[in-house]
Amino acid sequence: MNSKARDKGLEEVYNAVLEGDAEASHQGVQTALAEGRNPEDILHQSLIPAMKEVGERFERQEYYVPEMLIAARSMQAALNLIRPLLVVRGVKAVGKVALGTVQGDLHDIGKNLVGMMLEGGGFEVIDLGTDVAPAKFVEVAQDGVDLVAMSALLTTTMTKMPAVIKALAEAGLRDQAKVMIGGAPVTQEYSRQIGADGYAPDASQAVALARALLNLS
Amino acid sequence: MIDHPHPDFQGRFLKAVYCQGEPDRVPLVESGIDRAIKSRFLGRPVSGLADEVDFWASAGYDFIPLEAGLRTIIDAAIHHESSGRFEASRPDHPRVAAAKDFALRKLAPQHLTTVGPEGARRTWAPEGRGFINDLADLEAFPWPDPQDLDYTTLRTIGKLLPPGMGAISYAGAVFSSVMLMMGVEECLIGIARESEPFRSLIARVAEFQIEVVKTILGFGTLGGIWINDDMGHKSGTLVNPKLYRKYVFPHYRQIKRLTEQAGVPLLLHSDGRITEILPDLADIGFNAIHPIDPNGMDIVETRQIVGPGVCLIGNLSLAFPLGTGTPEDVGRETEALIRMMAPGGGYCVSSGNSIPDYIPYENWKAMRDTALRVGVYPIGSTKT
Numbered sequence: 001m002n003s004k005a006r007d008k009g010l011e012e013v014y015n016a017v018l019e020g021d022a023e024a025s026h027q028g029v030q031t032a033l034a035e036g037r038n039p040e041d042i043l044h045q046s047l048i049p050a051m052k053e054v055g056e057r058f059e060r061q062e063y064y065v066p067e068m069l070i071a072a073r074s075m076q077a078a079l080n081l082i083r084p085l086l087v088v089r090g091v092k093a094v095g096k097v098a099l100g101t102v103q104g105d106l107h108d109i110g111k112n113l114v115g116m117m118l119e120g121g122g123f124e125v126i127d128l129g130t131d132v133a134p135a136k137f138v139e140v141a142q143d144g145v146d147l148v149a150m151s152a153l154l155t156t157t158m159t160k161m162p163a164v165i166k167a168l169a170e171a172g173l174r175d176q177a178k179v180m181i182g183g184a185p186v187t188q189e190y191s192r193q194i195g196a197d198g199y200a201p202d203a204s205q206a207v208a209l210a211r212a213l214l215n216l217s
Numbered sequence: 001m002i003d004h005p006h007p008d009f010q011g012r013f014l015k016a017v018y019c020q021g022e023p024d025r026v027p028l029v030e031s032g033i034d035r036a037i038k039s040r041f042l043g044r045p046v047s048g049l050a051d052e053v054d055f056w057a058s059a060g061y062d063f064i065p066l067e068a069g070l071r072t073i074i075d076a077a078i079h080h081e082s083s084g085r086f087e088a089s090r091p092d093h094p095r096v097a098a099a100k101d102f103a104l105r106k107l108a109p110q111h112l113t114t115v116g117p118e119g120a121r122r123t124w125a126p127e128g129r130g131f132i133n134d135l136a137d138l139e140a141f142p143w144p145d146p147q148d149l150d151y152t153t154l155r156t157i158g159k160l161l162p163p164g165m166g167a168i169s170y171a172g173a174v175f176s177s178v179m180l181m182m183g184v185e186e187c188l189i190g191i192a193r194e195s196e197p198f199r200s201l202i203a204r205v206a207e208f209q210i211e212v213v214k215t216i217l218g219f220g221t222l223g224g225i226w227i228n229d230d231m232g233h234k235s236g237t238l239v240n241p242k243l244y245r246k247y248v249f250p251h252y253r254q255i256k257r258l259t260e261q262a263g264v265p266l267l268l269h270s271d272g273r274i275t276e277i278l279p280d281l282a283d284i285g286f287n288a289i290h291p292i293d294p295n296g297m298d299i300v301e302t303r304q305i306v307g308p309g310v311c312l313i314g315n316l317s318l319a320f321p322l323g324t325g326t327p328e329d330v331g332r333e334t335e336a337l338i339r340m341m342a343p344g345g346g347y348c349v350s351s352g353n354s355i356p357d358y359i360p361y362e363n364w365k366a367m368r369d370t371a372l373r374v375g376v377y378p379i380g381s382t383k384t
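These protein sequence lines map, in sequence, to chains A and B. Going by my numbering, the residue at position 212 of the first sequence is 212; the numbering climbs one at a time, nothing skipped. Going by my numbering, the residue at position 34 of the second sequence is 34; the numbering climbs one at a time, nothing skipped.
Okay, chain A solo, but in the shape it has when bound (with noise of 0.2 Å):
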């Protein structure tokens, strides 16, 4: 959606997403929804496209690591608003995803990213944090997710991935969830050696590949 579509008042939550604001995007989300905007017209036409921006510009190498970090942290400032509104107007996300860093790993700045851009784009995103245990992917895959998104950081917390697709599989949740991969030492080969679906060098393009995994358009 171009900013012709997006009236002004969506047009300032999209800018402030896209400019790190957070003081602006939860105050612009406050007098939108005052103002009778649907929640749902928030997500789609402001945040979402704002995250998708600030992915474009990552790519683009305009926007580095910091820019990305504090534009999420103003979509999550503003996604708190209208979460619970979302829910109770029974909208689904496009996709609910069990992220976590792998048994062994505390590494979590480029799992929070790959998260928080993940909400940006519409996903659900249940974060188990760092150092999970297959069991505990297993357990909330259980509960209906879409996609496991692992992360490593070490060539040796990395060979950790393969026993939760394994365990994924014994479990029967292998058609269920579709399993992506990241981290410094992952590459793609690693993630058809292992039998992931896919691989994502950066939390930009992880957002693509999770949409690509679920048939997303």
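The set of hints was computed from the structure by calculation and includes no laboratory data. A hint or two may mislead.
Listed next, the in silico EDC-like pairs over lysine to aspartate or glutamate satisfying Cα-Cα at most 20 Å (straight line) [stated by the list, open to error]: (1) A:K160 - B:D357; (2) B:K234 - A:E189; (3) B:K234 - A:D175; (4) B:K234 - A:D202; (5) A:K136 - A:E189; (6) B:K242 - A:E19; (7) B:K242 - B:E211.
Some chain B residues flagged as far from chain A (calculated, every beta-carbon gap over 12 Å) [to be verified]: (8) D8; (9) S39; (10) S89; (11) H93; (12) N133; (13) A136; (14) G190; (15) E276; (16) L278; (17) G296; (18) T324; (19) T326; (20) G352; (21) S381.
Only a predicted model underlies this, so the values are computations on that prediction, with no experimental measurement involved. All C-beta atoms in this analysis are idealised placements derived from N, C-alpha and C, irrespective of residue type, glycine included.
Starting from the structure of chain A, add chain B where the hints point.
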């Protein structure tokens, strides 16, 4: 293969680092190697500086990596363990002890440590908030004086080194010190917003670190300074390069002037894809860049950008082949790197980061053995 390699810091390593043509063989370099690997190679536990020197010399390296500065305080507080580059020779000065205590009290070490199935402990850098979170913390932090640090090793190392062996110190880390003190996320946001806590902290850190560099160069025992500042991630620099130019590179230029006055080279270690700032680094005058992180860096592209006057060190991936490959894989990849990058000089063999505990001994040994076997000049670009 060379069975009993002898170190040659002046004739071999410096020739490579200054890109002055081909020495006798391609130098071997590492910023750190896991203690168990070193002990196994030596056939006895590495338990002190004399053992460390023995290892580095007999394994084929031309210098022992050491460390000085704020990172010896920060890393000790966060990691509870030594990288092997720094060992205290005396109890901490009270101000150094107070600084470590401050950091520990502010962090949650129990959340920063994992224990593997075999009991191996790993500690982690704080990625959220660190121990300097605002101006109040900055003022409350009990800054030691640079002269409070233990320089015993750096001052006396010359007496321990065998003929031909050198010593290079990690020192001058400005950006990474701030990242660890503030936590990675808060530091990145702080530099992007040019916040007062960030600006104040980096100024204070730079002043401290440059004073350390002056001090250790004054001992006359070191053959180089190696700045350890991670500025990249997998697909690019962590922050907009204009911010590095404003807040970090001026300090590098000052350190470069100090090393030039001392007649020693300046090396940089940075993880990640730092391709965008390579022209800056060449302009600053770094003599060598390490480790040309395979997670993001193309070493051929790097050479094209920096030109023939900057030594490149590393690029052998920790994921594959070092971490997950066979010794044969390691040998093959090491040989390919040597044949591609070493002809003409200006290249040193190294891993794409360091050699941690999860690298099989046989794989480190395969890299080392291959370098000694294939890396003797003249080196053809293809196998004969």
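The hints, checked one at a time:
| no. | hint | result |
| --- | --- | --- |
| 1 | A:K160 - B:D357 | holds, 16 Å |
| 2 | B:K234 - A:E189 | holds, 16 Å |
| 3 | B:K234 - A:D175 | violated, 31 Å |
| 4 | B:K234 - A:D202 | holds, 8 Å |
| 5 | A:K136 - A:E189 | violated, 26 Å |
| 6 | B:K242 - A:E19 | holds, 18 Å |
| 7 | B:K242 - B:E211 | violated, 25 Å |
| 8 | D8 | holds, 32 Å |
| 9 | S39 | holds, 19 Å |
| 10 | S89 | holds, 31 Å |
| 11 | H93 | holds, 31 Å |
| 12 | N133 | holds, 16 Å |
| 13 | A136 | holds, 22 Å |
| 14 | G190 | violated, 8 Å |
| 15 | E276 | violated, 7 Å |
| 16 | L278 | holds, 14 Å |
| 17 | G296 | violated, 9 Å |
| 18 | T324 | violated, 6 Å |
| 19 | T326 | holds, 14 Å |
| 20 | G352 | violated, 10 Å |
| 21 | S381 | holds, 26 Å |
Comparing the model with each numbered hint stated earlier shows that hints 3, 5, 7, 14, 15, 17, 18, 20 do not hold.
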